[in-house]
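Enquirer: Go by the hints and put chain B onto chain A.
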Amino acid sequence: MFELIRLRVCGFRGFVGEQEFSFDRPVTLLCGENHRGKSSTLNAVEWCLFGDKCIGKKTGIRERVDWEIANRYLQEGEVAVTAEFKGPKGTYRITREQSVGRRRAAQKVTVLLPDGTQLQGDEAENMLYVLFRSSFQDFMTAVYQHQEAIRAILTQEPRERNDAIDRLLGLSPYREILKGIIGARLEETLTNMEGRREDFRKRCEQAIRTLDNLIREERGKAIAEGIPEEAFTEQEALNRAAGIAEAVKYLAEELGAVDFKARVPVTFGEIAEFREWVKTQTDRLWAQAPDVLKQETLAAEQQKLVIPKGRYEEAKGAETAAQAEKDKFVGQFGDEVALVEAIEQQQREIEQLDGQIRKTNAKANLVREAMRYLKEVVPDAERGRCPLCGADAPRLLAHLETEWEQKVKSQVEELEQQKRERQSKLEDFDSLRDKLGTLERNLKNARSGCEDCLRAIAQTLRREIGKEEDPLALLSRRLEQIAREQESIGEAISKKRANISDLYDKLGKLRTIDEILVHQQKRAVIERVWETKELLELEESLNEASQFVEDVRALRTALAEASLEEAEGKIHSAESALDKYFCSIVKHPAIPGLVMEVAEDSRTGLNSYSFKSKDGTDPTPILSQGDLNCFALSLFLGLSEATADTQRFAFLMLDDPTQSLGPEMKRELVSVLEDIANRRELIIATPDPEFKSLLTTHITKTKAVYNFTGWTDKGGPQVTRTMS
Amino acid sequence: MNTSTFQRLQQIRDKFGPGIFGKIAQKLLALAFYEAGFHHVVERGVQGVDIDAATEDAIRYTLEVKTTEGESVPISEENIGALKDRAKDGYTPVLAVLRMQMFEDWLFAAVPLNRLQPGSVALSRLRSYRLSSLEASIRPEFERIVNEHWSSVLARGEHYLIQTLGEIAKTR
Numbered sequence: 105m106f107e108l109i110r111l112r113v114c115g116f117r118g119f120v121g122e123q124e125f126s127f128d129r130p131v132t133l134l135c136g137e138n139h140r141g142k143s144s145t146l147n148a149v150e151w152c153l154f155g156d157k158c159i160g161k162k163t164g165i166r167e168r169v170d171w172e173i174a175n176r177y178l179q180e181g182e183v184a185v186t187a188e189f190k191g192p193k194g195t196y197r198i199t200r201e202q203s204v205g206r207r208r209a210a211q212k213v214t215v216l217l218p219d220g221t222q223l224q225g226d227e228a229e230n231m232l233y234v235l236f237r238s239s240f241q242d243f244m245t246a247v248y249q250h251q252e253a254i255r256a257i258l259t260q261e262p263r264e265r266n267d268a269i270d271r272l273l274g275l276s277p278y279r280e281i282l283k284g285i286i287g288a289r290l291e292e293t294l295t296n297m298e299g300r301r302e303d304f305r306k307r308c309e310q311a312i313r314t315l316d317n318l319i320r321e322e323r324g325k326a327i328a329e330g331i332p333e334e335a336f337t338e339q340e341a342l343n344r345a346a347g348i349a350e351a352v353k354y355l356a357e358e359l360g361a362v363d364f365k366a367r368v369p370v371t372f373g374e375i376a377e378f379r380e381w382v383k384t385q386t387d388r389l390w391a392q393a394p395d396v397l398k399q400e401t402l403a404a405e406q407q408k409l410v411i412p413k414g415r416y417e418e419a420k421g422a423e424t425a426a427q428a429e430k431d432k433f434v435g436q437f438g439d440e441v442a443l444v445e446a447i448e449q450q451q452r453e454i455e456q457l458d459g460q461i462r463k464t465n466a467k468a469n470l471v472r473e474a475m476r477y478l479k480e481v482v483p484d485a486e487r488g489r490c491p492l493c494g495a496d497a498p499r500l501l502a503h504l505e506t507e508w509e510q511k512v513k514s515q516v517e518e519l520e521q522q523k524r525e526r527q528s529k530l531e532d533f534d535s536l537r538d539k540l541g542t543l544e545r546n547l548k549n550a551r552s553g554c555e556d557c558l559r560a561i562a563q564t565l566r567r568e569i570g571k572e573e574d575p576l577a578l579l580s581r582r583l584e585q586i587a588r589e590q591e592s593i594g595e596a597i598s599k600k601r602a603n604i605s606d607l608y609d610k611l612g613k614l615r616t617i618d619e620i621l622v623h624q625q626k627r628a629v630i631e632r633v634w635e636t637k638e639l640l641e642l643e644e645s646l647n648e649a650s651q652f653v654e655d656v657r658a659l660r661t662a663l664a665e666a667s668l669e670e671a672e673g674k675i676h677s678a679e680s681a682l683d684k685y686f687c688s689i690v691k692h693p694a695i696p697g698l699v700m701e702v703a704e705d706s707r708t709g710l711n712s713y714s715f716k717s718k719d720g721t722d723p724t725p726i727l728s729q730g731d732l733n734c735f736a737l738s739l740f741l742g743l744s745e746a747t748a749d750t751q752r753f754a755f756l757m758l759d760d761p762t763q764s765l766g767p768e769m770k771r772e773l774v775s776v777l778e779d780i781a782n783r784r785e786l787i788i789a790t791p792d793p794e795f796k797s798l799l800t801t802h803i804t805k806t807k808a809v810y811n812f813t814g815w816t817d818k819g820g821p822q823v824t825r826t827m828s
Numbered sequence: 037m038n039t040s041t042f043q044r045l046q047q048i049r050d051k052f053g054p055g056i057f058g059k060i061a062q063k064l065l066a067l068a069f070y071e072a073g074f075h076h077v078v079e080r081g082v083q084g085v086d087i088d089a090a091t092e093d094a095i096r097y098t099l100e101v102k103t104t105e106g107e108s109v110p111i112s113e114e115n116i117g118a119l120k121d122r123a124k125d126g127y128t129p130v131l132a133v134l135r136m137q138m139f140e141d142w143l144f145a146a147v148p149l150n151r152l153q154p155g156s157v158a159l160s161r162l163r164s165y166r167l168s169s170l171e172a173s174i175r176p177e178f179e180r181i182v183n184e185h186w187s188s189v190l191a192r193g194e195h196y197l198i199q200t201l202g203e204i205a206k207t208r
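The listed protein sequences derive, respectively, from chains A and B. According to my numbering, the first sequence is numbered sequentially starting from 105. According to my numbering, the second sequence is numbered sequentially starting from 37.
Pulled out of the complex, with its shape left as it was, chain A reads as follows:
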């Protein structure tokens, strides 16, 4: 057994300068407010023994993830912790050092044995294990009760509590590995790999099905075209290609091509190119054949003649119509001369009427003026006399009025009527003359159109057309000649065309066979993909991945079983002490005793802890935070009791054990500690004055009290020691 007798701390976490602690009494109390360096003192012992093993995520303690070893206010120098233990052969001194300012600085460990042997590095680390036979997890479980353990137990979240109890039982490594396995999602990865293979398989299947449909359709079509089933072979396709090549050669000869060289495909792969070649060559031979060229020339000439013929017929028709219209007009209204004569006649008659009107108007003016004079100028008494000669004219005005009404007025009106009639006739004749002019212009234009067409015909026929010659007859004669020539060439051509048609038919069948065979080749390629080295390697990779997942699954099962078994063993060994301590401290009237159980979480494989009252009831709903803290303390104390026989450390370290405990619980805890102090050295850190008071007054063993009274960034904790 190793008793902790001295601790020297320098630059470690809360410490700046060097501070020494002597553990020369059965009980050492580290008292003071929070953040004064009490926990750093206990941590220093832990770090001195375990170094990096007590830092980081692997500890399972969340607070340790970014743990700072060197005091953050130190600029240079060394962090150094020296712990001295009284062991079976004397004093053992362990020193761990690390440079300041480097987060991952190398640590230096030195172990000085009672015989003066000094070990360093790996030798020193090995010696630590040989001496203490304790892992960091064991130390956490049975020697050093961490504040963090209590805090985590107090949580209401089952997963975190399970984490904390595993940690308290020293099973964090199992838990971390199991969590790592679960987090790796290997099964999901394997499923994804299989999914991608399946996607590829489906794509291949889809391609095969599409090709099968195409082959089926093409075969049906081919059979309908008279291609027999046995023709769907590469050899048959090559035979047919050779036949087509012969036919092309014969066609070339027939069409008069000289030096034509036919090509014949040798392999099936050349057939597609051969088909294109046949099409190109056939088109070229046909286009260059003399008969075809002649036929095309005749067709072009025919086209050239047909157009002016039509145009001439149209122009001639327009001329005839214009002439007929003019003739009809002249017959109805006379020619230009007659119309001019009629216009002049009307003009003369109008002039005569104007003269008569002027004369009549002169008399009318005289009568009208006389009447106005008699009415407006001559007084009524003198109206019976003539205003010129003075002779009696008793009814002069009445006479004049009668004359005006009955003779002069009607005469003027009649003359004006006659004049209007003559003017109307004159306008009609003018209009007819204009119309005649229009008809004559139309006729002239029609004739001009005919002459244009005639010139065009002469140009097309490449000859002069005399006035006595009928251009339409000339055109018809040439067109008949062309038709005869075409008929003659057409007979020769239609035979050759039939040969080409036959050739195209053969080519079409070859294309059908070729396409079917190409589809079949593609299909075979897809099938072969599944026999390729790459696919077989992929299959092998999937097999290996599956094997790996299966191995990890087995490992996970084994780890879960081992973790569960170890948890059950530890709980079982600590069961009676746990129950004893819990009942002593809590004294809960409704809980006669506490039983802890563990089972495997079927989903995760992790340990899942539950509590049961000894009477079988579920205590969880009535457990207070203080009760849970007592449970955590009882479990720790129970485990340390259970391992007491094999434990190399003769001391227990408790950090702030009274969180959430009431006065009564604190008193009971002190009683329990008084009992333990008979067997183990106790080092207790507490900020609780009440608990300190209880410890100093109720623990009967002698005590050293370190009071952490203050803390400064320059000097670190201010510590005084008193004896009790």
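Just so you know, the hints here were simulated from the structure itself, not pulled from any lab data. Predicted model, so just to flag it, every value in this text is computed and none were measured. Mixed in with the good hints, there may be bad ones.
One-sided excerpt, in silico: chain A residues whose CB lies under 8 Å from chain B [as the list claims (entries may be wrong)]:
{"no.": "1", "residue": "Thr295"}
{"no.": "2", "residue": "Asn647"}
{"no.": "3", "residue": "Gln651"}
{"no.": "4", "residue": "Glu654"}
Computed cross-link-like contacts, BS3-like style, restricted to lysine-lysine with a CA-CA straight-line distance of at most 30 Å [claimed, not checked]:
{"no.": "5", "chain 1": "A", "residue 1": "Lys430", "chain 2": "A", "residue 2": "Lys539"}
{"no.": "6", "chain 1": "A", "residue 1": "Lys365", "chain 2": "A", "residue 2": "Lys193"}
{"no.": "7", "chain 1": "B", "residue 1": "Lys206", "chain 2": "A", "residue 2": "Lys306"}
{"no.": "8", "chain 1": "A", "residue 1": "Lys306", "chain 2": "B", "residue 2": "Lys59"}
{"no.": "9", "chain 1": "A", "residue 1": "Lys325", "chain 2": "B", "residue 2": "Lys59"}
{"no.": "10", "chain 1": "A", "residue 1": "Lys325", "chain 2": "A", "residue 2": "Lys610"}
{"no.": "11", "chain 1": "A", "residue 1": "Lys539", "chain 2": "A", "residue 2": "Lys383"}
{"no.": "12", "chain 1": "A", "residue 1": "Lys599", "chain 2": "A", "residue 2": "Lys325"}
{"no.": "13", "chain 1": "A", "residue 1": "Lys398", "chain 2": "A", "residue 2": "Lys365"}
Cβ atoms here follow ideal geometry from the backbone N, Cα and C, with glycine treated the same way.
Expert: Quick look at chain B alone, frame taken from chain A:
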């Protein structure tokens, strides 16, 4: 498996339905074992493990045959029990699974029986226990057997294969 072989199997399944097809596939597989040189082949239509197959040099397999279109097969308590019983007699217990999809083939997996739980077993899990050499010897024979008997099976169904297996058994 060749796609044309698969399509022939598909025709059989389409004609007889998945239940009868499973029995037909089992019998075709038994014939393939004969062809692959297994002198002793027992195919059980009803109780027990589906096929026992042994060579003269004492290689012995006991096969639980499953056909599926999906990516898993159901394994019952009875299946596992039957395999365990035959394993006691020195037979290697094997799950023989034919996934009825194009490009898939027989998968023979010697899953340790203590790792086999009743329920659905993913085919991806069976990969790790594949008997590759057995697959390599049986797969081509199975294809040959399908192509040889396909038309008769289509015409006469499972009965034809019962007869064929019976005749072979008599000659051995």
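Enquirer: When you check the alpha-carbon spacing of lysine 539 (chain A) and lysine 383 (chain A), does it fall within 30 Å?
Expert: violated (67 Å)
Enquirer: Hey, lysine 365 (chain A) versus lysine 193 (chain A), does the alpha-carbon distance stay inside 30 Å?
Expert: violated (111 Å)
Enquirer: Against chain B, with CB atoms and a cut of 8 Å, does the hint on asparagine 647 (chain A) hold up?
Expert: holds (5 Å)
Enquirer: Should the interface hint for glutamine 651 (chain A) be scored as holding, given a Cβ-Cβ cut-off of 8 Å against chain B?
Expert: holds (4 Å)
Enquirer: Given the hint that lysine 430 (chain A) pairs with lysine 539 (chain A), test it: the Cα-Cα distance must not exceed 30 Å.
Expert: Holds: lysine 430 (chain A) and lysine 539 (chain A) sit about 9 Å apart, inside 30 Å.
Enquirer: Against chain B, with CB atoms and a cut of 8 Å, does the hint on glutamate 654 (chain A) hold up?
Expert: Nearest chain B Cβ about 4 Å off; hint holds.
Enquirer: Would the hint linking lysine 398 (chain A) and lysine 365 (chain A) be met if the CA-CA limit is 30 Å?
Expert: holds (25 Å)
Enquirer: Within 30 Å, alpha carbon to alpha carbon, are lysine 306 (chain A) and lysine 59 (chain B)?
Expert: Answer holds: lysine 306 (chain A) to lysine 59 (chain B) is near 26 Å, not above 30 Å.
Enquirer: Hey, lysine 325 (chain A) versus lysine 59 (chain B), does the alpha-carbon distance stay inside 30 Å?
Expert: This hinted pair is violated, its Cα atoms lying about 39 Å apart.
Enquirer: Within 30 Å, alpha carbon to alpha carbon, are lysine 599 (chain A) and lysine 325 (chain A)?
Expert: Within the cut-off at roughly 28 Å; holds.
Enquirer: Does lysine 610 (chain A) lie within 30 Å of lysine 325 (chain A) when you go C-alpha to C-alpha?
Expert: holds (14 Å)
Enquirer: Does the structure keep lysine 206 (chain B) and lysine 306 (chain A) at a Cα separation of 30 Å or less?
Expert: It is violated: about 43 Å lies between the C-alpha atoms, which goes past 30 Å.
Taken one by one, the earlier hints fail for this structure at numbers 6, 7, 9, 11, listed in ascending order.
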